[in-house]
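Student: Using the hints, position chain Y against chain C.
2 protein chains.
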Amino acid sequence: MSRTIISLLILLLPLQSVQAKGTVFLKDYLDKCENSEADAMPAIRAALDCCARTRAGELVLPRGVINIRPEHAYEHLEAISNNSQSLKRVAFLMKGMKDFRITGDGTTLMFNGFMSPFSLEGCKGIRISGIDIDYARPFVSEGRILSAGKGWMELSFSESFPVEIRDGLAVFLDKDGVEYPYCNLLEFDTRKKEVAYGVHDWWLWNNVLPAKKVGENAYRFEREDFDGMTPGNTMVFGAAQRLHPAFTLWECENFCLEDVNLYNAGGMGVIAQCCRNVTLNRVRVVPTPGSDHIVSISADATHFVNCKGYIRMTDCEFRNQKDDATNIHGWYMAVDSVLCRRSALLRWRNGAQCGIRFLKKGMRLEFADPATLTTYAHLRVRKVEYLNSEYALVKFREHIPARVRPMDVVAEDDSYPDVLISGCYIGNNRARGLLIGSRGKVVIEKNTFHTPGSAILFEGDGRFWYEQSGVRDVLIRDNLFLNCMYGPWGRACISVGTGLADKEASRYHSNIVVEGNVFRGFDNRIVNIYSVDGFSFRNNTIEMTSDYPEKGSASERFVMEHCDNTIIEQ
Amino acid sequence: MSRTIISLLILLLPLQSVQAKGTVFLKDYLDKCENSEADAMPAIRAALDCCARTRAGELVLPRGVINIRPEHAYEHLEAISNNSQSLKRVAFLMKGMKDFRITGDGTTLMFNGFMSPFSLEGCKGIRISGIDIDYARPFVSEGRILSAGKGWMELSFSESFPVEIRDGLAVFLDKDGVEYPYCNLLEFDTRKKEVAYGVHDWWLWNNVLPAKKVGENAYRFEREDFDGMTPGNTMVFGAAQRLHPAFTLWECENFCLEDVNLYNAGGMGVIAQCCRNVTLNRVRVVPTPGSDHIVSISADATHFVNCKGYIRMTDCEFRNQKDDATNIHGWYMAVDSVLCRRSALLRWRNGAQCGIRFLKKGMRLEFADPATLTTYAHLRVRKVEYLNSEYALVKFREHIPARVRPMDVVAEDDSYPDVLISGCYIGNNRARGLLIGSRGKVVIEKNTFHTPGSAILFEGDGRFWYEQSGVRDVLIRDNLFLNCMYGPWGRACISVGTGLADKEASRYHSNIVVEGNVFRGFDNRIVNIYSVDGFSFRNNTIEMTSDYPEKGSASERFVMEHCDNTIIEQ
Numbered sequence: 001m002s003r004t005i006i007s008l009l010i011l012l013l014p015l016q017s018v019q020a021k022g023t024v025f026l027k028d029y030l031d032k033c034e035n036s037e038a039d040a041m042p043a044i045r046a047a048l049d050c051c052a053r054t055r056a057g058e059l060v061l062p063r064g065v066i067n068i069r070p071e072h073a074y075e076h077l078e079a080i081s082n083n084s085q086s087l088k089r090v091a092f093l094m095k096g097m098k099d100f101r102i103t104g105d106g107t108t109l110m111f112n113g114f115m116s117p118f119s120l121e122g123c124k125g126i127r128i129s130g131i132d133i134d135y136a137r138p139f140v141s142e143g144r145i146l147s148a149g150k151g152w153m154e155l156s157f158s159e160s161f162p163v164e165i166r167d168g169l170a171v172f173l174d175k176d177g178v179e180y181p182y183c184n185l186l187e188f189d190t191r192k193k194e195v196a197y198g199v200h201d202w203w204l205w206n207n208v209l210p211a212k213k214v215g216e217n218a219y220r221f222e223r224e225d226f227d228g229m230t231p232g233n234t235m236v237f238g239a240a241q242r243l244h245p246a247f248t249l250w251e252c253e254n255f256c257l258e259d260v261n262l263y264n265a266g267g268m269g270v271i272a273q274c275c276r277n278v279t280l281n282r283v284r285v286v287p288t289p290g291s292d293h294i295v296s297i298s299a300d301a302t303h304f305v306n307c308k309g310y311i312r313m314t315d316c317e318f319r320n321q322k323d324d325a326t327n328i329h330g331w332y333m334a335v336d337s338v339l340c341r342r343s344a345l346l347r348w349r350n351g352a353q354c355g356i357r358f359l360k361k362g363m364r365l366e367f368a369d370p371a372t373l374t375t376y377a378h379l380r381v382r383k384v385e386y387l388n389s390e391y392a393l394v395k396f397r398e399h400i401p402a403r404v405r406p407m408d409v410v411a412e413d414d415s416y417p418d419v420l421i422s423g424c425y426i427g428n429n430r431a432r433g434l435l436i437g438s439r440g441k442v443v444i445e446k447n448t449f450h451t452p453g454s455a456i457l458f459e460g461d462g463r464f465w466y467e468q469s470g471v472r473d474v475l476i477r478d479n480l481f482l483n484c485m486y487g488p489w490g491r492a493c494i495s496v497g498t499g500l501a502d503k504e505a506s507r508y509h510s511n512i513v514v515e516g517n518v519f520r521g522f523d524n525r526i527v528n529i530y531s532v533d534g535f536s537f538r539n540n541t542i543e544m545t546s547d548y549p550e551k552g553s554a555s556e557r558f559v560m561e562h563c564d565n566t567i568i569e570q
Numbered sequence: 001m002s003r004t005i006i007s008l009l010i011l012l013l014p015l016q017s018v019q020a021k022g023t024v025f026l027k028d029y030l031d032k033c034e035n036s037e038a039d040a041m042p043a044i045r046a047a048l049d050c051c052a053r054t055r056a057g058e059l060v061l062p063r064g065v066i067n068i069r070p071e072h073a074y075e076h077l078e079a080i081s082n083n084s085q086s087l088k089r090v091a092f093l094m095k096g097m098k099d100f101r102i103t104g105d106g107t108t109l110m111f112n113g114f115m116s117p118f119s120l121e122g123c124k125g126i127r128i129s130g131i132d133i134d135y136a137r138p139f140v141s142e143g144r145i146l147s148a149g150k151g152w153m154e155l156s157f158s159e160s161f162p163v164e165i166r167d168g169l170a171v172f173l174d175k176d177g178v179e180y181p182y183c184n185l186l187e188f189d190t191r192k193k194e195v196a197y198g199v200h201d202w203w204l205w206n207n208v209l210p211a212k213k214v215g216e217n218a219y220r221f222e223r224e225d226f227d228g229m230t231p232g233n234t235m236v237f238g239a240a241q242r243l244h245p246a247f248t249l250w251e252c253e254n255f256c257l258e259d260v261n262l263y264n265a266g267g268m269g270v271i272a273q274c275c276r277n278v279t280l281n282r283v284r285v286v287p288t289p290g291s292d293h294i295v296s297i298s299a300d301a302t303h304f305v306n307c308k309g310y311i312r313m314t315d316c317e318f319r320n321q322k323d324d325a326t327n328i329h330g331w332y333m334a335v336d337s338v339l340c341r342r343s344a345l346l347r348w349r350n351g352a353q354c355g356i357r358f359l360k361k362g363m364r365l366e367f368a369d370p371a372t373l374t375t376y377a378h379l380r381v382r383k384v385e386y387l388n389s390e391y392a393l394v395k396f397r398e399h400i401p402a403r404v405r406p407m408d409v410v411a412e413d414d415s416y417p418d419v420l421i422s423g424c425y426i427g428n429n430r431a432r433g434l435l436i437g438s439r440g441k442v443v444i445e446k447n448t449f450h451t452p453g454s455a456i457l458f459e460g461d462g463r464f465w466y467e468q469s470g471v472r473d474v475l476i477r478d479n480l481f482l483n484c485m486y487g488p489w490g491r492a493c494i495s496v497g498t499g500l501a502d503k504e505a506s507r508y509h510s511n512i513v514v515e516g517n518v519f520r521g522f523d524n525r526i527v528n529i530y531s532v533d534g535f536s537f538r539n540n541t542i543e544m545t546s547d548y549p550e551k552g553s554a555s556e557r558f559v560m561e562h563c564d565n566t567i568i569e570q
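In order, the protein sequence lines correspond to chains C and Y.
Every letter in the first sequence is one number past the one before it in this note's numbering, and letter 391, counting from 1, is 391.
Every letter in the second sequence is one number past the one before it in this note's numbering, and letter 219, counting from 1, is 219.
The shape of chain C in the complex, shown without the other chains (with noise of 0.2 Å):
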């Protein structure tokens, strides 16, 4: 019991004599928690709050592994967009701060079972560099394929995973019992590391497997359409939800993330809603370096939504994470219904993104025919009601034109980020890499990627996902497109994913320039686009290589569907 007693009675302590802007050292909390080895979450609580009421302007965290646990961790009911609702414990939860910084030296953050690292809301000027974030137990589960066949395989499982059939059902826990739920099963490379060449996600309808033991390390599992699987390659069982992404923001400002290891999170591994100015410098996300994992985070690595200012992704690493290296958008409401001339009720259509309270006094909304996001008006709310995370009538200042219908989209449209992503390797991860959907000035610049779909996809829709996007200027110079496409996501290296039910009458995107790349690969597939007004493609290199069976050569190089101004030049 001493121990804990000493552990807790951190939260107790009264405040450190910290003068404004002064620096609050994470050290002499764990120095005084004995139990601080095995959960270091008192004397952050101890040490965080002690900034925020004294307006540290820095906590320092020292050189080492620190453990962190969910017990006593905050909590906060968190609708985040494209990962999921629900009360979470967060370690670090920020709220309202200014110019602040959490500075690690090399501090690995490991966390175990579900909780999420970091919460920011309201925050400005907060600066967080230096440090790991590990779980000690990953969100995903993966088990080496030791045999498979027409409608069966078999695996077997690392310590790092453990199994358990009860019911006749696998099921996934950590070492203290703690259940790991799963969605879905994809099959990586184990040898390069990556996606396994021309595989595809297996969805679960009921989110479990029927399973057998079979021996001492070997579980067989049996669906009828299973097949193709390698022995030797690594299932990955992918999370049920995404509850706990590495960072969320929430209208933050002048955010920085600098020299960040990302190898495992619940989620996402940075998630900025409504924010202005966002960097990510040295930002890796990684598997845990001299682990079996194949896997990093277990969701998109990046992702932006409704952000302004700018978005700034330098020098970093998105690497073998479950989803997208990023996925900048805005958000569509959909029209429910207008129940006068100047109310409207609002709906979200996307279950994640319920919960979201973006709307505000004074804020321009476009409205947009679905089928081709053409914005035919503009109007300025006057006051905001939520009926519940679903619904929200807004009253505008001006009267809703005649030709508002319910499923018309309804999304934001002030000011958006402009984007520069340089210097980046993208790559060996589920689907994409990079989704680019802001209005503002896009630069994408000496990046590599390697993704097994579309490397840049300029997506957005308002019928399945309600994503806001309609590029206006995008500058893709001086990268190198290594072998992309060997998985099934997407028509191109570069395409138009937008799910537009009438191509033809849309130029939903505009003004892309592709210019000085390199693309290097086996599969012929470099362009293709619809509905887009002003498209460049000059000055490239395009290398064809036999590094993995060859399947794209049917197809053509450049596709291009319902646009207009369009130079290609080889």
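What the hints contain is simulated information worked out from the structure, not anything from laboratory work.
Please note: incorrect hints may appear among the correct ones.
[As the list claims (entries may be wrong)] Below 27 Å or equal to it, Euclidean Cα-Cα: the simulated BS3-like pairs (lysine-lysine) are:
| no. | chain 1 | residue 1 | chain 2 | residue 2 |
| --- | --- | --- | --- | --- |
| 1 | C | K383 | Y | K361 |
| 2 | Y | K383 | C | K32 |
| 3 | C | K395 | Y | K95 |
| 4 | C | K98 | C | K124 |
| 5 | C | K95 | Y | K308 |
| 6 | Y | K383 | Y | K446 |
| 7 | Y | K213 | C | K213 |
| 8 | Y | K308 | Y | K95 |
| 9 | Y | K383 | Y | K361 |
| 10 | C | K95 | C | K27 |
| 11 | C | K150 | Y | K212 |
| 12 | C | K395 | C | K360 |
| 13 | C | K395 | Y | K32 |
| 14 | Y | K95 | C | K383 |
| 15 | C | K150 | C | K124 |
| 16 | C | K308 | C | K383 |
| 17 | C | K95 | Y | K193 |
| 18 | C | K32 | Y | K395 |
| 19 | C | K175 | C | K213 |
| 20 | C | K212 | Y | K150 |
| 21 | C | K213 | Y | K150 |
| 22 | Y | K212 | C | K213 |
| 23 | Y | K395 | Y | K441 |
| 24 | Y | K361 | C | K150 |
| 25 | C | K32 | C | K124 |
| 26 | Y | K212 | C | K212 |
| 27 | Y | K193 | Y | K446 |
| 28 | C | K212 | Y | K213 |
As the structure is a prediction and not an experimental result, all values here were calculated from the model.
Tutor: Coordinates of chain Y only, in the frame set by chain C:
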């Protein structure tokens, strides 16, 4: 669209002119919505908002069926003891209302999907009467047993319970395709409309069960330990969570429910927490009349925690619900650690209590030994800080005694409700009848019990469920115990089931008088108690029947261990 528009336009209506303590008629609001037959929620919301803002005295509901859907319902994060914590959609969300009635006229509130009918917080003087609560689709699923053998059974399902096989597992749905998860099975006798004789729960580890469709309406379920099912009986798939009690009360005073029928609920019927003076008069929990349902609501009919004043249940019927008729108890938190002389960290140890924040400044807490539940100290709360749903940091006015150890239990010990349960029918349900854990005066009279487990149970424990009990004054008189004990839940008709590690050292319960009752049953087990000081059994009639296969005669009629001052007069 016009119907929807008109339906929702009501959300914009200006306040109806209502005098203070005036009457609002829901019909007026329903009449303004063309679409209110499909969903009365916008009308209810507008009417209820009007009542709250104008301090109306009564909301009158019209005769007939009112359909209510979750889309436009209120939303509320609720931690409900012995139910499931979640962000809930609520139809009648009432906060801080006073001296207000909701009066139906045989009104059926027909709910659709995952939503809670009534949730009241901090209300005083509320009376709800004249309504039936039903759901278009129950939260349990029921199948008729076609045939069964060792390791298997085949079921058919009526239109009420749509089922699909997905990836080899049975999934239950409603007509809109919404999934109804399940976590256990229990067999009911279709003809007798009660839990089948001698059965027990089948628990499902993974909330799913493999199944195959083997005929037009025939589904085969296999599990190694399946055995003894009776063709013709009804297999009930119990709801995986208790998300939506019919009436959730928090810190309410003088609440009365009268002439209310509860046919379905997605949790308990009435759950009152920290309430004072609750009356249930002619509340009937029964399966939907005219339906093929064998189960009424999906958990306890009623449940009272940390209540004060009085609890009165008169002329009620608690039939066929999926758990006990009532459970009246307090909450035990456990000591996690003592931080200093006046501060301790307390922890919820039962996950279904997490999120409850009942500790208040000035509250008198008892400290008890979890092995005997003997109170050894009292302290008053000076300050409470909740770290999260699980932990509370409490500062006390007095010094914490040196003997306090982690896992010692702590409960409020200020006052307890007097309980009257009179003229009720209690039976045919899963498990037990009345779980009595108030230290106030308790009278149980003129009821009929036909419970498959104990009719009256004195439970409470500080190691499993963490429910404070310890009765002081119980009178059980003039009841009929009719063929109880046909299931596995309990050791006698009247019994103690307290979770004590040291029964010999404890006299947790005291002063129980059983007189003037009729025990008419096939099972010999009438009384089984321990750790009681003061138990009188006198002037009762015991009649043996052969209505069920005999199983209890080998057991003793009266078992009393570690009791003082007992009188048995047969």
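Student: It remains to establish, for every hint, whether it holds in the given structure.
Tutor: Each hint, compared with the structure:
no., hint, in the structure
1, C:K383 to Y:K361, "violated (39 Å)"
2, Y:K383 to C:K32, "holds (24 Å)"
3, C:K395 to Y:K95, "holds (26 Å)"
4, C:K98 to C:K124, "holds (5 Å)"
5, C:K95 to Y:K308, "violated (38 Å)"
6, Y:K383 to Y:K446, "violated (45 Å)"
7, Y:K213 to C:K213, "holds (26 Å)"
8, Y:K308 to Y:K95, "holds (20 Å)"
9, Y:K383 to Y:K361, "holds (6 Å)"
10, C:K95 to C:K27, "holds (23 Å)"
11, C:K150 to Y:K212, "holds (21 Å)"
12, C:K395 to C:K360, "holds (11 Å)"
13, C:K395 to Y:K32, "holds (21 Å)"
14, Y:K95 to C:K383, "holds (24 Å)"
15, C:K150 to C:K124, "violated (55 Å)"
16, C:K308 to C:K383, "holds (22 Å)"
17, C:K95 to Y:K193, "violated (56 Å)"
18, C:K32 to Y:K395, "holds (21 Å)"
19, C:K175 to C:K213, "holds (19 Å)"
20, C:K212 to Y:K150, "holds (21 Å)"
21, C:K213 to Y:K150, "holds (23 Å)"
22, Y:K212 to C:K213, "holds (22 Å)"
23, Y:K395 to Y:K441, "violated (32 Å)"
24, Y:K361 to C:K150, "violated (66 Å)"
25, C:K32 to C:K124, "violated (30 Å)"
26, Y:K212 to C:K212, "holds (18 Å)"
27, Y:K193 to Y:K446, "holds (23 Å)"
28, C:K212 to Y:K213, "holds (22 Å)"
Going through the hint list in order, the structure does not satisfy hints 1, 5, 6, 15, 17, 23, 24 and 25.
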